[in-house]
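Going line by line, the protein sequences match chains D and B.
Taking numbering that gives the first Met the number 0, the leading residue of the first sequence gets 0, the next gets one more, and so forth.
Taking numbering that gives the first Met the number 0, the leading residue of the second sequence gets 0, the next gets one more, and so forth.
Just so you know, the hints here were simulated from the structure itself, not pulled from any lab data.
The reader is advised that the hints may include incorrect statements.
Pairs involving identical chains hold if they fit within one copy or between any two copies, as the list cannot separate such chains.
Unchecked claim - Straight-line distance between alpha carbons at most 35 Å, and here's what the computed DSBU-like set of lysine-lysine pairs gives: (1) K428 <-> K87; (2) K200 <-> K435; (3) K167 <-> K21; (4) K278 <-> K387; (5) K360 <-> K230; (6) K387 <-> K210.
Number of protein chains: 2
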Amino acid sequence: MKIEKPSIPKGTRDFGPEKMLKRQFILNTIRNVFEKFGYLPLETPAMENLSVLTGKYGAEGDQLLFKILNSGDFLSNVKENDIQGGSKSLTPMISEKGLRYDLTVPFARYVVMNQHDITFPFKRYQIQPVWRADRPQRGRYREFYQCDADVVGTDSLICEAEIILMIKEVMKNLGLNDFTIKVNNRKLLTAITNLIGEQGKEAIFCVAIDKIDKIGREKVEEELSGNGFSKEAIQKLNPFFDINGPNTEILNTLEKLLKDSALGNSGIIELRQVFEYLKALGSGENHVELDLTLARGLSYYTGIILEVRANKSSITSSITGGGRYDNLTSVFGLEGVSGVGFSFGVDRIYDVMEDLDIFPKEYEASTKVLLLNFDPISFKEALEVLTKLRTAQVKCEIYPDAVKIKKQMTYADKKRIPFVLMIGENEIKEGKYQLKNMTTGEQNELGLEEIIDFLSN
Amino acid sequence: MKIEKPSIPKGTRDFGPEKMLKRQFILNTIRNVFEKFGYLPLETPAMENLSVLTGKYGAEGDQLLFKILNSGDFLSNVKENDIQGGSKSLTPMISEKGLRYDLTVPFARYVVMNQHDITFPFKRYQIQPVWRADRPQRGRYREFYQCDADVVGTDSLICEAEIILMIKEVMKNLGLNDFTIKVNNRKLLTAITNLIGEQGKEAIFCVAIDKIDKIGREKVEEELSGNGFSKEAIQKLNPFFDINGPNTEILNTLEKLLKDSALGNSGIIELRQVFEYLKALGSGENHVELDLTLARGLSYYTGIILEVRANKSSITSSITGGGRYDNLTSVFGLEGVSGVGFSFGVDRIYDVMEDLDIFPKEYEASTKVLLLNFDPISFKEALEVLTKLRTAQVKCEIYPDAVKIKKQMTYADKKRIPFVLMIGENEIKEGKYQLKNMTTGEQNELGLEEIIDFLSN
């Protein structure tokens, strides 16, 4: 039998222990904050019926769905001309299921299917992988985790304020202290589009304005012009482009510029309310920047939107984003489910933290101390020590084979185990063991109680 | 547009918050014990190349693999007679990837691909879903989690002893106190097959003997006879069937019966060594029963095998199983990677715990206290309290809308929030708030410090 060298599908990744510990640090940090704010977990199946997924992500999205071949004799009901029609016409005949493309559509599906059992407002978080048949490239994968939290069934702006609080707490707990939360309100963008006389072209306006950071104001104006915005309209944008200063000042200026727009006013009131809540919650507006050019791609946002970037990293794309929507579930026939949600980009956060080198050097999850294996007699003593350490909830292990000490040390080193405990013949006689700090090389002779005390702190 | 009622694929499940909290309790308990014993996490992609998966699970397993349709124009290279050949011949032309069927093959693939970077002994655990295109039925799903831990690259029997320790600790931490860990050694089964003169028929013997609990001794003998075992051979089994008593006694009897078998002897020595290690580790043999009829299906086990059952549940199938194998990776061309592993059946454990009604009533993860929302003035005060509670790491939330108190109470009830905090006009005046225990109905007027003290314990 010829044995092929095994490989994994392109765009997918194995996460070995070292990467996993770092990823778990990020995911646990996020999960703990979600739960601290009353969000509870939901998990949905990896496979969804294609009837649920198709048509929800645009024509391009439909192309990027991974489709599962029907089980058994999938050709049994296929006719000659289904095949003649090519891949596109054959697909629905031989595939009924696809892999989850995001967590929003499965969430909407779940809410619709369980609408009579759910107590609203429904605060759920969901941390699961999604799959996209995208062309793999640096930083873009075919399988990656999403971390979403949404609350549906309430219009209260306390939700928006708490989302900002959660973001701040996650960033602080990750050690990511230099970041900016940009906020805006879709109502303002619509009001501005109306004011400049380009009613109904909000989508085009959002797409163009969103790129201002990357391509600059001039190119944005060109794009708008190319998309049929009149010269006058573009000129009328000037005072908005020129707005600057702290959030309150921006809101004051906007209030004058949009004084005739009910929608604009409502957008301003919402932002003011969120800032007020932030103050009442003792957090205030630090890290928070009102940015009128923030638009975010997804068309379903209708209220406040936000986006987070790390400031000192070479990775400049956003690491968190979200916003309020009017209608999560109408696509499945349930109207009036409004809410607000946001999502952490785990892969981006991972890359930023690597880039800034801010991962903690020790991870909760990994072994705290390795007991060396000298010979059968000391091994037996070591087993007793092992049990006592574990009773004290110290993460520990013993090297299973009595191989050369150098090899056992290398094992501790590679596994980043911070301490090594030596229990040899002499140590047993004296009832004191050698504890070596693998980082500093420092070595101390300590009694068992001292060791347990030290390691369990 | 006609809107179809959404559904999920048969054999798959949504896990809403209540189920998720229970599942997380199980998974966290297992994960914590794995990590306490020095096992570190690994995650592999949901999709594997079919070249990796095919042929690893027998012909039936190949049928049960979920296959992913190639992206893009998957028919472009397909010729007329590939289609004429039917589903079977067409499949490899239009599908290159499949969903993970278990965690063992991806682990073996990972070890082979990373053999030069891994420090052996390699202790890894993996908790991820797997997919099987099985006919769905009660207790059998098309998507379910597996929880595996394996250590490869050592023959030390301390690993087997520690696995038994881990099982005991997981069961204790789950509150599953009445359970039996059955152990056996494949070497004994081979030695017995040889002794009765049926060399090479160990597989048949194992399959038959494994069913003795379900079908009884007589039917097992019938099955052996039907599979060509001689009358004399079956008669020679009698002394083995008759073995009884505590583990040590069984081993003593076996020693006599198998005195001429080097393999049998080696199996006995291994079991004795594991029992000795258990004693040295302070755990001993409670819960552990040597059972010669335990065989376990998987053919790759070569040493000690084990299986766990809950004793007082109506669910009698095993909730944990594992064993030692000689060769994990030879199928991918890497010889000599031996190890021992075991796996918790999360769905089974969940069912057993539901059946015995032993899930803890309160979950770490869920909100500890809901702050009621009376009116804008008390709302502002409540926001301050909320912040103080969160600073003390108390999981809490405020009802976002000032709706009827009854509705807010129902929310707390449905979400199983154990306490509700009322901050009304009077309470603000007096600086004391009403804390209600939702289980007992008891209500106390307490100062903020008292409340924080009470809830953060």
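Original post:
Looking back at the hints listed earlier, which ones does the structure fail to meet?
Top reply: Checked against the structure, the hints that fail are numbers 1, 2, 5 and 6, while the rest are satisfied.
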